[in-house]
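Colleague: Whole structure, please, built from the sequences with the hints as guidance.
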Amino acid sequence: MANKLFASSFLQETLYPSISTPRSVSFSNGVTMTLLQRGVLQVSPPVVRDSCKHIVLSSAVHGNETAPIELLDELVRLISEQKLTPEHPLLFVIAHPQSILEETRFIETNLNRLFGHQHYPDSLELTIACNLKEQIKQFWQDTAIQSRWHLDMHCSIRASKHYTFAISPQSSYPTRDKEFVSFMLQGGIEALLLSEEASSTFSWFSASEWGAQAATFELGQVAQLGCNDPQKLTSFSQALMELIQLNPDQQHEETQDSSMIFYQVHESIYRENEQFELCFDDALANFSHFGLGEPLAKDGQRVLTMPIEQGRVVFPNANVERSQRAALIVKPCATHYVDKQLKVCD
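Using UniProt numbering, the final residue of the sequence shown is 346, and nothing's skipped along the way.
No wet-lab data here; the hints were simulated from the structure. Please note that the accuracy of each hint is not assured.
DEER-style ranges, computed between Cβ atoms [stated by the list, open to error]:
no., residue 1, residue 2, range
1, Ser26, Asp249, 44 to 50 Å
2, Val48, Thr104, 46 to 52 Å
3, Ser259, Thr104, 30 to 36 Å
4, Ser9, Thr104, 18 to 24 Å
Note that beta-carbon positions come from the ideal geometry of N, C-alpha and C, so glycine has one too.
Modeller: Here's what the structure looks like:
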């Protein structure tokens, strides 16, 4: 297989490994692909400049969230066929192949709750999380902090009033750069949630530990592999290809006309008891509005109600493990830029 890294595709090689790793191939356009391990592919541009971004593109942190997996697999195909020439170092991640094969969110525990500082019980997902942290370290060490970008791509369990949206995690670093938000706008991201609550997600790890421009991107709804409509993510896919090919000495074009809606995360609801249920239908869409004082959930003997005016509920899930987040409470907010960093207006 001269000048070819995969017998079929990155995704198929991830699901059904057939070659030893690490393994590299270089193309006539100067691009090098290195399969570091199962599900982790590094792509190096012809020339790495000081002005390059170092971009992590991750999917399958939850194995049944398949649209991003297909999107990344297509990008790798275009690069391997030399139809797309990246100008920046890229790290492609298909995080949890076992859960993809079993068409489930996770095997033992939620992988996207294992990137914090606390001690976690041993599990398959904890092994994956520790490995991903090491892969990030190897990719970003000795890089400029402003060069680090991480797009962690997911799909929502339930329908959403915003088909695409992103969550910007808490960080003490300036991780809400105007160029990063402009990329979201160009990619058709309909809403951006701004969180100031410490978390344990993959994107929080990148933003908090590495100062990366990082976010969790929700791209549509959960579906089986092969059952996604790529046309619904055309804007995002196109923006991603333009980002990858952007001359490192140019900044991503700033999008001025914004139809994006901004939300501030007010608080999280956590499941504390074995007896836990939501006070609304499973079909209720993300970002549904509740009035002040309306019941949201029953946690043991406690009734949890909407604590704010104009509150919306995002990611409601009664089936989370105890002590994990069962919903986010958000509210619309106005924003502005201070020193090219997105801020919530007082």
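Colleague: State for each hint whether it applies.
Modeller: Hint check:
no.	hint	in the structure
1	Ser26 to Asp249: 44 to 50 Å	violated (24 Å)
2	Val48 to Thr104: 46 to 52 Å	violated (38 Å)
3	Ser259 to Thr104: 30 to 36 Å	holds (35 Å)
4	Ser9 to Thr104: 18 to 24 Å	holds (22 Å)
Taken one by one, the earlier hints fail for this structure at numbers 1, 2, listed in ascending order.
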